[in-house]
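Engineer: Starting from the structure of chain Z, add chain W where the hints point.
Each protein sequence line maps, in turn, to chains Z and W.
Per full-length UniProt numbering, the first sequence starts with residue 1, numbered consecutively.
Per full-length UniProt numbering, the second sequence starts with residue 1, numbered consecutively.
Hint data in this document are derived by calculation from the structure and do not stem from the laboratory.
Be careful, since some hints might not be right.
Restricting the straight-line Cα-Cα distance to at most 25 Å, the calculated cross-link-like pairs of lysine to any residue (SDA-like) are [as the list claims (entries may be wrong)]:
id	chain 1	residue 1	chain 2	residue 2
1	W	Lys346	Z	Ile33
2	Z	Lys324	W	Gly34
3	Z	Lys251	Z	Glu343
4	W	Lys251	Z	Gly34
5	Z	Lys106	W	Ile229
6	Z	Lys251	W	Glu26
7	W	Lys106	Z	Leu212
For clarity, every value in this text was computed on a predicted model and none was experimentally measured.
2 protein chains.
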Amino acid sequence: MSKRAYNFNAGPAALPLEVLERAQEELVEYQGIGMSVMEISHRSAEYEQLNAETQELLADLLNIPAGYKTLFLQGGASTQFAMIPLNFLTSEKVANYVITGSWGKKALKESKLIGETRVVAQPEKFSHVPDLSELQLDNSSAYLHITSNETIEGIQFQQFPNIGDIPLIADMSSDILCKPIDVSKFGLIYAGAQKNLGPSGVTLVIVKEDLLENTPDHIPSMLRYDTHIKANSLYNTPPVYSVYMVNLVLKWLKEKGGLDQVEKFNQEKTKLIYDVIDESQGFYVGTVEKQDRSIMNIPFRLKDEALEKEFLKQTQENGFVGLKGHRSVGGMRASTYNAVPYESCKALSEFMIDFQKRNG
Amino acid sequence: MSKRAYNFNAGPAALPLEVLERAQEELVEYQGIGMSVMEISHRSAEYEQLNAETQELLADLLNIPAGYKTLFLQGGASTQFAMIPLNFLTSEKVANYVITGSWGKKALKESKLIGETRVVAQPEKFSHVPDLSELQLDNSSAYLHITSNETIEGIQFQQFPNIGDIPLIADMSSDILCKPIDVSKFGLIYAGAQKNLGPSGVTLVIVKEDLLENTPDHIPSMLRYDTHIKANSLYNTPPVYSVYMVNLVLKWLKEKGGLDQVEKFNQEKTKLIYDVIDESQGFYVGTVEKQDRSIMNIPFRLKDEALEKEFLKQTQENGFVGLKGHRSVGGMRASTYNAVPYESCKALSEFMIDFQKRNG
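Only chain Z is shown next, with the shape it has when bound in the complex (with noise of 0.2 Å):
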């Protein structure tokens, strides 16, 4: 085997060596059954196991209260972007959406297409959270959505708005499981499994089942938080292998001494990173106001779009993947999700202390 790439991709992104190995091990046979868990029944006995146990796995890492449900479900966040307005936003209400990034924006784009929604808060640059201490909502709000991490721009929620009786919905994509939360803050939290939960091809759902007595008769099935309620995420065939893979990575967590263990490890990565920027007296440009960075998207610049590409050409050279920044903000662009090494972290921030004595 060749060594393991430095992969710093924003998603999919890098997954333990050790689950990969697990899943290979028992890729054609799973548990002695004479099959791959590709080729299970969703209504078997097995797949019933792993759907149950992959619930209660999540229950246990965030703590999540009773009264909610977790679903497993298909399309991503940008489809969870038109469902949330589809479920919620019912004709005499208004949606509610703080903008931190280019992920909040393509929420809101499709919100816009649903029913009446408005922007209560959006920084002029995308460099820190708003201020939402002193935010009032009536009661003609649907919800209030935010993105907790912004992938793109590297922000991250510190804290969560305190906004009384109405659901606080959040779109926890790229930071799901990277520190511990207060879910009973939460009407709905969904995220993409693609960064932190395992593969591309789930998306979890964790929703407060009595918020969802109002949805419209005529929003189609698929597209009902209610439907996949209702048949415990199998209301259709499930992506048997993607919960398969998201099993092994919280297992894999909770070997890791579970989310204050990860929150700690993930800091203690990430300083190495914002460090080297910090030290660098403006060789590094971090693009994020320090009180608001994220523990998983690290986005950085240098002075010029030729030193960048220069930076780059030479990361690639030397193992590293995945860190041009997103083509709509250019530079440069760490994820270093759950999974992502100590040693990644280290050999990249190494790298760059050697770039720049030689470009300085």
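Structural biologist: For chain W alone, kept in the frame of chain Z given last:
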């Protein structure tokens, strides 16, 4: 490794052993790049290659003419049930459905939520495909929807209706690639992958591009075919691993000699089972008229439920999986998709003969 099960699951279903072994071999390390295929970016050269090659393999196997676009989506056929009327059933139009079983009824239900919808043919009992040779559709027709193979009832279209300029739309989830078809007769073909294409988690859509000029503005981005056409199935993160598995299955089909050979092979192996039914003098009862029998799903009954229960118990004890009929119709069903080997069908036919000897 334990013995491979005789896997007759209705979907997710058997995959070719060679494909599983290949997937296992390269699960941790894909093409020497130091990553799993699950860890590559969907914007990477590796995935672009996989996306393009999988489209080409389909074009080649199905002889797809110019003017059609091949998409890899999420959400299964159940999401297509809604997407089709959302995209095609504009306000002055009427959607037409031929109902030959349970899946057609599900598709119909979703269309009724969206717009004016009518059933143009439905046999009293789901035992045959109605005669559509005289079918006339007026110009208000948005499309005609058929289910080319009803997975639960085991009814398969042997030929497709000629309806002039009205788009013919077919759910081919359970018989895509089981035999050659004339794609040019269709406006849109769709299929969940988990029967003949690969594992669950990806949905194939083959659509005539010029039909998509009138999608209403308010349809959410993810539910618009034109979104996915413009982005070459990369509007959002695709189910990378599922597409990879489909790619391997398609290569396996090519190695088998293409769809003419595959059809012959399917006929030979299903004949083993249908012959036992036909020669059993009423011990085994087929539920479909001979001319419309499916070469993918073979439903059959015994004289009473007690004997059926005994049959299922004994097959389970003898290494057979998935022979229980769908809970909505009862009885038995052998799903004999492309990847189900001759050996499995031979074993089942022998078991059936033996079971009759012992219980006839």
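Engineer: The structure should be examined with respect to each hint, and the outcome stated for every one.
Structural biologist: Going through the hints against the structure:
Of the supplied pair hints, the one linking Lys346(W) and Ile33(Z) holds, its CA atoms being roughly 20 Å apart against a limit of 25 Å. With a CA separation close to 18 Å, the supplied pair Lys324(Z) and Gly34(W) stays within the 25 Å bound. Under the criterion of a C-alpha separation no larger than 25 Å, the hint pairing Lys251(Z) with Glu343(Z) is consistent with the structure, at around 21 Å. In summary, the hint linking Lys251(W) to Gly34(Z) is supported, as the alpha carbons are separated by about 24 Å, within the 25 Å threshold.
For a cut-off of 25 Å, the pair hint linking Lys106(Z) to Ile229(W) stands: about 19 Å separates their Cα positions. For the given pair, Lys251(Z) sits about 23 Å from Glu26(W) by alpha-carbon distance, which is consistent with the 25 Å threshold. With a C-alpha separation of about 23 Å, the suggested pair Lys106(W) and Leu212(Z) falls inside the 25 Å cut-off, and the hint holds.
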